[in-house]
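Participant: Chains as they are written, first to last, in our numbering: chain A, 1 to 246; chain B, 1 to 246; chain C, 1 to 246; chain D, 1 to 246.
It is worth saying that the hints were derived from the structure and are not from the lab. Accuracy of the hints is not assured; some may be wrong.
One-sided excerpt, in silico: chain D residues whose CB lies under 7 Å from chain C [said to hold, decoys possible]:
1) I186
2) Q229
3) M232
Every residue, glycine too, gets a C-beta built ideally from N, C-alpha and C.
Number of protein chains: 4
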Amino acid sequence: MNFLVSNDDGYLSPGVRVLATRLKRLGSVTIVAPDRDRSGASNSLTLSRPLRPRLIEPGVWAVDGTPSDCVHLAIQGLLPEVPDLVVSGINHGANLGDDVLYSGTVAAATEGRSLGLPAIAVSSTAHVPQHLDAAADVVADLVGRLVNHPLPALTLLNVNVPDLPADQLKSMIATRLGRRHPSSGIVRDADPRGREIFWIGAAGEGADAGEGTDFAAVAAGHVSVTPIQFDMTRHGVMDAVSHWLA
Amino acid sequence: MNFLVSNDDGYLSPGVRVLATRLKRLGSVTIVAPDRDRSGASNSLTLSRPLRPRLIEPGVWAVDGTPSDCVHLAIQGLLPEVPDLVVSGINHGANLGDDVLYSGTVAAATEGRSLGLPAIAVSSTAHVPQHLDAAADVVADLVGRLVNHPLPALTLLNVNVPDLPADQLKSMIATRLGRRHPSSGIVRDADPRGREIFWIGAAGEGADAGEGTDFAAVAAGHVSVTPIQFDMTRHGVMDAVSHWLA
Amino acid sequence: MNFLVSNDDGYLSPGVRVLATRLKRLGSVTIVAPDRDRSGASNSLTLSRPLRPRLIEPGVWAVDGTPSDCVHLAIQGLLPEVPDLVVSGINHGANLGDDVLYSGTVAAATEGRSLGLPAIAVSSTAHVPQHLDAAADVVADLVGRLVNHPLPALTLLNVNVPDLPADQLKSMIATRLGRRHPSSGIVRDADPRGREIFWIGAAGEGADAGEGTDFAAVAAGHVSVTPIQFDMTRHGVMDAVSHWLA
Amino acid sequence: MNFLVSNDDGYLSPGVRVLATRLKRLGSVTIVAPDRDRSGASNSLTLSRPLRPRLIEPGVWAVDGTPSDCVHLAIQGLLPEVPDLVVSGINHGANLGDDVLYSGTVAAATEGRSLGLPAIAVSSTAHVPQHLDAAADVVADLVGRLVNHPLPALTLLNVNVPDLPADQLKSMIATRLGRRHPSSGIVRDADPRGREIFWIGAAGEGADAGEGTDFAAVAAGHVSVTPIQFDMTRHGVMDAVSHWLA
Numbered sequence: 001m002n003f004l005v006s007n008d009d010g011y012l013s014p015g016v017r018v019l020a021t022r023l024k025r026l027g028s029v030t031i032v033a034p035d036r037d038r039s040g041a042s043n044s045l046t047l048s049r050p051l052r053p054r055l056i057e058p059g060v061w062a063v064d065g066t067p068s069d070c071v072h073l074a075i076q077g078l079l080p081e082v083p084d085l086v087v088s089g090i091n092h093g094a095n096l097g098d099d100v101l102y103s104g105t106v107a108a109a110t111e112g113r114s115l116g117l118p119a120i121a122v123s124s125t126a127h128v129p130q131h132l133d134a135a136a137d138v139v140a141d142l143v144g145r146l147v148n149h150p151l152p153a154l155t156l157l158n159v160n161v162p163d164l165p166a167d168q169l170k171s172m173i174a175t176r177l178g179r180r181h182p183s184s185g186i187v188r189d190a191d192p193r194g195r196e197i198f199w200i201g202a203a204g205e206g207a208d209a210g211e212g213t214d215f216a217a218v219a220a221g222h223v224s225v226t227p228i229q230f231d232m233t234r235h236g237v238m239d240a241v242s243h244w245l246a
Numbered sequence: 001m002n003f004l005v006s007n008d009d010g011y012l013s014p015g016v017r018v019l020a021t022r023l024k025r026l027g028s029v030t031i032v033a034p035d036r037d038r039s040g041a042s043n044s045l046t047l048s049r050p051l052r053p054r055l056i057e058p059g060v061w062a063v064d065g066t067p068s069d070c071v072h073l074a075i076q077g078l079l080p081e082v083p084d085l086v087v088s089g090i091n092h093g094a095n096l097g098d099d100v101l102y103s104g105t106v107a108a109a110t111e112g113r114s115l116g117l118p119a120i121a122v123s124s125t126a127h128v129p130q131h132l133d134a135a136a137d138v139v140a141d142l143v144g145r146l147v148n149h150p151l152p153a154l155t156l157l158n159v160n161v162p163d164l165p166a167d168q169l170k171s172m173i174a175t176r177l178g179r180r181h182p183s184s185g186i187v188r189d190a191d192p193r194g195r196e197i198f199w200i201g202a203a204g205e206g207a208d209a210g211e212g213t214d215f216a217a218v219a220a221g222h223v224s225v226t227p228i229q230f231d232m233t234r235h236g237v238m239d240a241v242s243h244w245l246a
Numbered sequence: 001m002n003f004l005v006s007n008d009d010g011y012l013s014p015g016v017r018v019l020a021t022r023l024k025r026l027g028s029v030t031i032v033a034p035d036r037d038r039s040g041a042s043n044s045l046t047l048s049r050p051l052r053p054r055l056i057e058p059g060v061w062a063v064d065g066t067p068s069d070c071v072h073l074a075i076q077g078l079l080p081e082v083p084d085l086v087v088s089g090i091n092h093g094a095n096l097g098d099d100v101l102y103s104g105t106v107a108a109a110t111e112g113r114s115l116g117l118p119a120i121a122v123s124s125t126a127h128v129p130q131h132l133d134a135a136a137d138v139v140a141d142l143v144g145r146l147v148n149h150p151l152p153a154l155t156l157l158n159v160n161v162p163d164l165p166a167d168q169l170k171s172m173i174a175t176r177l178g179r180r181h182p183s184s185g186i187v188r189d190a191d192p193r194g195r196e197i198f199w200i201g202a203a204g205e206g207a208d209a210g211e212g213t214d215f216a217a218v219a220a221g222h223v224s225v226t227p228i229q230f231d232m233t234r235h236g237v238m239d240a241v242s243h244w245l246a
Numbered sequence: 001m002n003f004l005v006s007n008d009d010g011y012l013s014p015g016v017r018v019l020a021t022r023l024k025r026l027g028s029v030t031i032v033a034p035d036r037d038r039s040g041a042s043n044s045l046t047l048s049r050p051l052r053p054r055l056i057e058p059g060v061w062a063v064d065g066t067p068s069d070c071v072h073l074a075i076q077g078l079l080p081e082v083p084d085l086v087v088s089g090i091n092h093g094a095n096l097g098d099d100v101l102y103s104g105t106v107a108a109a110t111e112g113r114s115l116g117l118p119a120i121a122v123s124s125t126a127h128v129p130q131h132l133d134a135a136a137d138v139v140a141d142l143v144g145r146l147v148n149h150p151l152p153a154l155t156l157l158n159v160n161v162p163d164l165p166a167d168q169l170k171s172m173i174a175t176r177l178g179r180r181h182p183s184s185g186i187v188r189d190a191d192p193r194g195r196e197i198f199w200i201g202a203a204g205e206g207a208d209a210g211e212g213t214d215f216a217a218v219a220a221g222h223v224s225v226t227p228i229q230f231d232m233t234r235h236g237v238m239d240a241v242s243h244w245l246a
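Next comes chain A alone, as it looks inside the complex (with noise of 0.2 Å):
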């Protein structure tokens, strides 16, 4: 099995490099990832501009663009052959909820899926984990089970694991997308010299946080998988729009 590792975090990213080291046990691994922090790029693609992957040692190249660009380039021409699955992170710092809008992790495994490959997003809860290793375990892991029941056309795995030793994390169990509590309003601050600037305030907690939630789940120790998709028409009102717009 041939996989493609990307992330958003850059190719010298220790989850990167963690992931890749374990998934060689299954198969033959390639790293295609941003050259440096690439996090919050959600699905932006580089259209403006030409890319410049270089390779920086056999198996990994990293590319002056997007996660997005990064998987895009890779399954698009710059690999000899097309990849098996497309596995993104391990980041640092969960993705829950609505930060899979977001999340260049998710989006260099929605590019994948996007391009007729499974994929699998996964991200530690700890921004600086400590308990790589086990999720590495988790992530191959779930390859087998997800070679063997394949999902749906544009949906992939989205995961979260605790940043536990392995013998402390509980089992995987899927989950729906909790949501979070807007960031707290944006923060003005002044630069050095007296300009007036703001920054994106802190994202919010988890608002719904539920059973069920990804959020509940890894907040009890539990790996959470969920299901995601990006067919993002919303077909249950489609017939109550078509009413008012006649």
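Following the hints, position chains B, C and D against chain A.
Facilitator: Same frame as chain A, now just chains B, C and D:
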């Protein structure tokens, strides 16, 4: 009614100006838009640096950030009052099918909806539209309908208007998102210094462009109105995934 | 006479517009300027990606690059004719002493001079100038003098104009560059997510601001005109270095 | 002796690593360098946003900024002690003649000199150097000479080393900067979406590459050592300018 208007082509784009002018007949309008073209930005939010919104003229802010940044800033504290409705566009160029995943136009509307406001994303099918007035009239019409028939949470409208004179536009119809073929492969080239570069290829044609899709609607001269959502949980496969995780 | 006008504050800056309007009385004028604020860009040239100049209105190009890029593009093929003279400015804020090393305003003029054209860089001492017309009149006056008295190769004029009404401006005097004290130390801070950030400190006050310097001239209400050069060889120490290398 | 080592190719460049390793024989060494290739950055300083230096490994900082940013941060507060000497390089590719105006390698050294430290910029003539060790030995030799024979204020050394084995390198000679022909014209092209783009053309060949220049020295296999300065006042024309301003 207070409108927040944004886009991804930048605050100087004719599309956003024509839209704002038209909506002023319905209420007060503030433009908060990127200071330059940010097409393809998707939902990316700028967290790594502060933003510097500039009041260019009364009611027009330019922000050195993404479309999502603009709407986030506007609602979370830049403007004195939270607006009543967010309209993003009029984009120069269609946003059909998978385009919505990458679109900054849709992202600006999504950010508004995520923060609780009704939201519309609107695109003209032409890259150099000749009939922006007609498209703006469509938006004005839709605003009234949307206010009277609120959509569920996490749901907004993605509207594509053929670039035709008002009297040649066919009716508004509710559509589902179609699908594009994958883009053509990456384009290898060399820069003037002889170094290899890669471009992301052009977007593919409609693959699922049949009956009921947004592609089919605009091809037939209709205004396509797609209810889209960003609850990304794939509820339909939850039981299956639970089963194979067990 | 054909003027090429550029700056580093961007093509929308009042300074560049007032300058262009004034120079139109002397000949034809084309603005080729950055599409946004590129202050502090120094002489950087964009080699890693292509540029996309946009004709915003007749005679006004906006470029997604640095001030040096703008002048380079304009002279090396964007414009139908090579211009006769390059004027960069009117910058909002002084460019005195060591500022010239970092200044995009000076860099645009340097690029023009490097490509063989006479060149003037001009700055108003105010960040929000009130008397741009007076500064533009100074430039118009200097243009005539410069054309009649060409400077040696690799030499141009760096002009700083106090932000005063024309009738309060004292005479133009030739000055040498003074020196600033080093900027205040770097400013440590934290972003809203608690991560450490560092700002470059504000520029220092004049350290060598005495008799004959540009600092002293503008402080006294004079227009400072400094002949600057970019032959960077330190000829005076060549023998000493030869000696200690032997 | 405490060395600060920087460059413009990024902290991962072999050139900067070989240089740091060699200088460790002479004292303690800290690398503070860009997190990616910033060639052509000239003296630009990042004032519009904060910087995020990351300690990659003991003694190695990567900065999301320009070469000048790196040296400025290092000296103005990032490092516990102000270093004794700044060495920038070993650049992959020559910095000859007018190159110094645009060079980030030279800019890093200039920033150090501007803040009062002796400084050396060093480049290998090859884009993929095979003999970095020989070039590093040259630097180690020069360091001793420079410390014994300090240069005047605002003066530093720009060194270009032919990419040859140590035993084939000819002597170090003091040179003046030559001049390049202007670059070839801009290159018009189209991106894969059919939109017009422009590339800055490749640098020109040596125009003044005669006796005594840096071009001539390296062509003959010598190590070129050019004393360069950034007192940009053109003192020699001051009287003339005073006269025609009067």
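Participant: So, for every hint listed, does it hold in this structure?
Facilitator: Evaluation of the provided hints:
no. : hint : verdict
1   : I186 : 4 Å, holds
2   : Q229 : 4 Å, holds
3   : M232 : 4 Å, holds
Violated hints for the displayed structure: none, as all numbered hints are satisfied.
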